[in-house]
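J.: All chains, full assembly: derive it from the sequences and hints.
So the sequence shown is numbered by my numbering: it starts at 1 and just counts up by one.
Among these hints, one or two may not hold up.
[What the hints assert, rightly or not] Below, in silico cross-link-like pairs of lysine-lysine (DSS-like), each with a Cα-Cα straight-line distance of 25 Å or less:
no.: 1; residue 1: Lys20; residue 2: Lys179
no.: 2; residue 1: Lys159; residue 2: Lys205
no.: 3; residue 1: Lys56; residue 2: Lys341
no.: 4; residue 1: Lys126; residue 2: Lys207
These aren't lab readings, by the way, just hints derived from the structure by calculation.
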Amino acid sequence: MAQSASYPETFLTLHEIVKKARQKLNHDNWDYIIGGTETETTVNRNRAAIDTLAFKPRVLRNVSEVDASTMFLGRRLRLPVMLAPVGSLELFAPDAAVAAAKAAEQFGIAHMLSSVSVVNFEQVAKAVPDAFRLYQLYVHGDAAWVDDLVERAAVAGCKAFCLTVDTAYYSRRERDIAKRNIRRSNVPGREFQPTITWDDVDRIKSKLKIPLILKGISTAEDARLAVEHGVDMVYVSNHGGRQLDHDRGSMDVLPEIVEAVDHQAQIIIDGGFNRGTDIVKAIASGADMVGMGRMQCFGLAADGLQGVVRLLELLENEVQTAMGLLGVTRLSELSQAHICKAAPVSNSHVLSAFPHLILEDKSFY
Numbered sequence: 001m002a003q004s005a006s007y008p009e010t011f012l013t014l015h016e017i018v019k020k021a022r023q024k025l026n027h028d029n030w031d032y033i034i035g036g037t038e039t040e041t042t043v044n045r046n047r048a049a050i051d052t053l054a055f056k057p058r059v060l061r062n063v064s065e066v067d068a069s070t071m072f073l074g075r076r077l078r079l080p081v082m083l084a085p086v087g088s089l090e091l092f093a094p095d096a097a098v099a100a101a102k103a104a105e106q107f108g109i110a111h112m113l114s115s116v117s118v119v120n121f122e123q124v125a126k127a128v129p130d131a132f133r134l135y136q137l138y139v140h141g142d143a144a145w146v147d148d149l150v151e152r153a154a155v156a157g158c159k160a161f162c163l164t165v166d167t168a169y170y171s172r173r174e175r176d177i178a179k180r181n182i183r184r185s186n187v188p189g190r191e192f193q194p195t196i197t198w199d200d201v202d203r204i205k206s207k208l209k210i211p212l213i214l215k216g217i218s219t220a221e222d223a224r225l226a227v228e229h230g231v232d233m234v235y236v237s238n239h240g241g242r243q244l245d246h247d248r249g250s251m252d253v254l255p256e257i258v259e260a261v262d263h264q265a266q267i268i269i270d271g272g273f274n275r276g277t278d279i280v281k282a283i284a285s286g287a288d289m290v291g292m293g294r295m296q297c298f299g300l301a302a303d304g305l306q307g308v309v310r311l312l313e314l315l316e317n318e319v320q321t322a323m324g325l326l327g328v329t330r331l332s333e334l335s336q337a338h339i340c341k342a343a344p345v346s347n348s349h350v351l352s353a354f355p356h357l358i359l360e361d362k363s364f365y
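T.: Below, the structure written as structure tokens:
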């Protein structure tokens, strides 16, 4: 079992990274990470959907060597983890998008760049040419504008193109509104996102030379449509609880998506995933890859590139430990037989995965 440790004296637990991030961030940027839309019910349901799953371990198996790696888009990755696309990532560290891509390349996982970034995919490609890079798009232009990005993303070496489909309207994020911290009141081209349809998916798919991902799928009906339209990867996501309030938690949605897709596309999931055990639950439930957005931000805010690498090292240790104690040595051995529904032991919220975290102002939960 790999036991690398770049900062053993500084960060021994994940909650220490979260605490350091809080100490370095101002209130506005902290709220941007942990907040959601309106009542933040969806944020809390994301965690509750994970918290209400329990493990069913098997014993007396040879688990002396545990391998948490996976194949994804033809490449061996050290963990089934992708640094999820986060808009305005530069709020959390200087040159954050490049730093995140470098951390992903250094550790050996995937990185998806948000189109709402101060650097574009071509600049990231120039800075980190060997990183396993994917690109996520918000549609802020007409068909010709989109088609141009489709072509350029492939030329720049992106391994997949991700179209976000759950942002027809920008949500009411009351943490920001109440402080008059309005971030996106004048985004050019926002009027185009509400107009996209399955016809646009077909057009984009016909032009792409790399796999197409749809991000923001949260029903079996849309998952089936995605497969029918030739989508290569279904990305189960509610935008981290930052778009539609009172949505279901991502892990509650996943079983119906897995059934609907029926192995005809790969499945990525995000939404409240903070721990190694969370990752293991997702893989056991049928996901192929887990996106981590908030945790990426915590790592960047805590210590830039090295903060993200250390975060991934700790996650790897947690994943390997959970796998070994479940009696499996490969991710492919995980299945629904290893999990079951269970009563929650505490109230779920955005930071409930860190019961030992003590912040000076608990109102930020």
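J.: Hints first: check each against the structure and report whether it holds.
T.: Quick rundown of the hints versus the structure:
Distance restraint check for Lys20 and Lys179: the Cα-Cα separation of roughly 24 Å lies within the 25 Å cut-off, and the hinted pair is therefore satisfied. The hinted pair formed by Lys159 and Lys205 meets the criterion: a straight-line CA distance of about 14 Å does not exceed 25 Å. Annotation: proposed proximity of Lys56 to Lys341 holds, straight-line Cα distance about 10 Å (limit 25 Å). Between the alpha carbons of Lys126 and Lys207 the distance comes to roughly 24 Å, so the proposed pair stays at or under 25 Å and holds.
Consistency note: the structure conflicts with none of the earlier hints.
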